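S.K.: Starting from the known structure of chain A, arrange chain B on it as the hints suggest.
Top to bottom, those sequences are chains A and B.
Residue numbers for the first sequence follow my numbering, beginning at 408 and rising by one.
Residue numbers for the second sequence follow my numbering, beginning at 0 and rising by one.
Honestly, I wouldn't trust all of these hints.
As the list claims (entries may be wrong) - Which chain B residues face chain A? A few, computed with CB under 10 Å, are given here: (1) Lys19; (2) Ala20; (3) Arg30; (4) Lys93; (5) Thr94; (6) Arg96; (7) Val216; (8) Leu224; (9) Val225; (10) Phe229; (11) Ala231.
Claimed, not checked - Computed list of lysine-lysine pairs in DSS-like fashion (alpha-carbon distance at most 27 Å, straight line): (12) B:Lys235 - A:Lys615; (13) B:Lys227 - A:Lys509; (14) B:Lys227 - A:Lys617; (15) B:Lys70 - B:Lys131; (16) B:Lys103 - B:Lys93; (17) B:Lys227 - A:Lys487; (18) B:Lys79 - B:Lys19; (19) A:Lys509 - B:Lys131; (20) A:Lys537 - B:Lys19; (21) B:Lys19 - B:Lys235; (22) B:Lys227 - A:Lys537; (23) B:Lys19 - A:Lys560; (24) B:Lys151 - B:Lys62; (25) B:Lys103 - B:Lys70; (26) A:Lys535 - B:Lys227; (27) B:Lys227 - A:Lys546; (28) B:Lys62 - B:Lys14; (29) A:Lys509 - B:Lys93; (30) B:Lys103 - A:Lys509; (31) A:Lys539 - B:Lys103; (32) B:Lys122 - A:Lys560; (33) B:Lys161 - A:Lys487; (34) B:Lys151 - B:Lys70; (35) B:Lys161 - B:Lys79; (36) A:Lys487 - B:Lys62; (37) B:Lys385 - B:Lys62; (38) A:Lys615 - A:Lys643; (39) A:Lys560 - B:Lys235; (40) B:Lys235 - B:Lys385.
Don't read these hints as lab results, they were simulated from the structure.
Every value quoted in this text rests on a predicted model; they were computed, and no experiment measured them.
C-beta atoms are modelled at their ideal positions from N, C-alpha and C, and glycine is treated no differently.
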Amino acid sequence: MQTPKAIIEVKNLVKVYNELIAVQGISFEVYEGEIFGLLGPNGAGKTTTLEIIETLRTQTSGEVLVEGFSVRTHAGEIKKRIGVQLQAAGYYPNLTLAELLKLFAGLYNVRIDVNHMLQRVGLADRSKAKYKILSGGQKQRFSICTTLINKPKIVFLDEPTTGLDPQARRNLWELIREIRAQGTTVVITTHYMDEAEYLCDRVAIVEKGKIISLDTPEKLIDNLIESGFNKPKEVKRANLEDVFLSLTGKEWRDE
Amino acid sequence: MNKQDKNYSDNSTPKYSQWKAMLAISRASLRSITRSPSAVIFILVFPLVFIVVFGFVGSNTIKLDVGINSKSDTSGFVFKSFSEVQNIHLVVDKTDREMMDLLKKGRMDAILFIHEGKSESGKETVEIITSKASREKGAFAISVLSNIIDKKNLDYYSHLQKRYPESFKDVLSDGEIPAELKDTKVEGREYKMIDFILPGQLGFSILSAGVFGTAFVFFSLRQTLVLKRFFATPIKRTYIVLGEALSRVVFQLAGALVIIVLGKYVFGFTLINGFVTVINLLLLSALGLIVFMGFGFVVSGLAPNESVIPPIANIVTLPQFLLSGTFFPVDAFPDWLQVVSKVLPLTYLNDALRKVAFEGAGMIDISHELSIIFIWGLIVYAAAVKFFRWE
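Okay, chain B solo, but in the shape it has when bound:
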């Protein structure tokens, strides 16, 4: 006991540090999180599964299936030009009836019927059939076809012009054609599916971890009197919350890093400025998590018992899951729904993440998104202060 008494006086001399106590909570909480299956599933497994599924299923470029009617002339320039267009797959091994059937189901995008060049001028006539079932790709096929035909016609006229300059003299001056397409390709970045889906998954993982994680943990720490036992030690309440928040941010960022690195090396996720982009993504993730944890504090305060937490938390997360551009671009929604999307904080986090990763946007470039996330933070934490219960 003498030895202990000595220790006691040694220990009590230094000033009590709230930070040390806070770090003790962070350390304990981090250990606890890594051992909790649900946290690992929410933060790592779910996003990765979605990324893998969409990474493989979703393709980054448009691919068209174009059927060729069996009576078509495949010797002319139309067929040749079409077969040279990238991303168009010409289907020749199906009967006309089968092709029509596929077209109606939207599994084929257009059917071409190339009539032989019977007429005296050797003119080829092409019929194209498209369907409402594949409206956009059908339109694309039409535009490809009309490009091919226009080009051929232009070539033909300029050929005529050169050969019979006299006949064209009145119409056009030498070597002049009415319009010409100059097709210049700019070196650009390929926007891949992973560039859309990965930031969305990151955003959603941050949202669900922030809301569910915080709500459950603080509810149960309160119910099991763990918090009360902490109150009997010299740590201040604020530092308990800070300690918990710190461990969650650390774990979330570790998860985000794994997702980003896997995305980069397995799916070719674009990190435009490399390491700087990764840091910016992590900073955004931390900001997002802190704001979303505010929702978790509100939920843990409002829930009268544990079984009410999931429904309340889902009210917060589900609309954002669907409407904030996690899986589908916000632009794809009708206008009235976009109004809702444009209120939700996750929309702005997702946008910001995408701009940072793909466009190399800096924090100033995304100040609009940041300010809206920040306003949400203010609203949510004002509510958290009102609703959060310590005991």
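In isolation and in its complexed conformation, chain A is listed as follows:
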């Protein structure tokens, strides 16, 4: 394996809100072309860290470089190179998906083929639909679609599968893998460990504003087993989700 190139470098990042220390000296690197996961319970500082890298918030101290640009001095350059999906973001009211994509194309100063963009996320037939009538899975796919408009080097996905049914979730996983397969680096936050295990090349586990562990999922699991950990209950070769999916079909459907 060749030495990976860091596309994001986070050094001693600290963020203090009034009294609360949300991020206490986090350091990590994201390598070009990988899917990097930030895991952790609510309030651990995942979203804050993400939003500082996305230039949506300013840090209290520390340094963040995205493709070599500092978030402090070159926010504009960084914004041109990244795609951002926010947790629970809405879109401009009364507009169709096609019109929304054109709006974002204007915001990035790029020309796009709207139908091709929608096709990539499986929404080609919904171009005249309004965002608010989409199903949960469709909304997330559209959201991801808007992050791809400027052909970004990195996309940031903040809990993209929260609240989706198992089919929609698997469908989104495949979309995220496709995006990575096309050379885009993906940074994702999630609460779901199966998701992280399936998608992420490396994960950082964040707890109370600090990274308590960072490695590939396999390595983290191996480390735990080496330390003498045993699951109290013997694992069966299938779980309830497998049952559900084999009964209802893996095909993702439009609600």
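M.R.: Below, chain B alone, put in the same frame as chain A:
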């Protein structure tokens, strides 16, 4: 993917243009506004309804109902002269009691009792009864009557003078009468109800669209994280606001144009210098909207939740709706209330609109109004900078 990579390098070469991004927001926002029923209602439907109602109900000239007592002599000159006065409607088909009743209710403005010319000189005596219920029109009727009588008396004296010059010699020189009214009519513009009501409605539509529209839109764009998503793109915040403002100005001006054109062709609204007047009205509308949008920014920043927006916005709009000469001339208010009226920015926008439309005033002629609107703009935007919240 290769093809896309190529596109990427093509796209990233030109310098990023904030203006292009701003226009993308304007375009999106304009589409959104035209699809939003409330914007269309505020900017077009409300003003038009008011204009139609007042355009038909309100009449531009004074009309008097004058009753003629049943025992009156309708053969003499008084009755004849009265019936020749325009805008006076003589009522002869009612009983005296009915007429008295109408007079007390203010639905009749005066009653005339013309006594027959019984005396040896053939003198007619006219009694006029008016009521507090119609004070102004009653006074008008009295003055019409006294004009008629004065004129008749003068005619009579000059007739006597000509006939018996000897008798008048000591009093007056030949052909001279003590006073004479020379009634010259200057070609003037008729000030119609629509000339008052239309600019007022335009002003009010600008105020409510500016305050309500801006407050709701920025509040909801903030709450639904639409703004935050925009922040993740290279556009600068100022250009987001400019883009929104531009679309609102465009939509408002289109609405104003519809109102002005309908006013002109349906109600005969006076546009004294034609096309130039229309342009001036639109410029004023744009200025007004920009200033009033400042109130909207303040409201959207102050409101802790969406349901608080209407009451706060109403605090801004309602007093101006009532006191700024939208429906009633400011002069009609008591002095202490006029003091309040003369502070409100809408008063000056309404005045300026009326002066431009009816008097053909240019921007220099309305510099007083403009400067006060401008001062309000400074105050409001200073507050907006302090209170406006992005997230």
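S.K.: Hint compliance check: list the failing hint numbers for this structure, sorted ascending.
M.R.: Violated hints (numbers, rising): 4, 5, 6, 12, 18, 19, 28, 29, 30, 31, 32, 33, 36, 37 and 38; every other hint is consistent with the structure.
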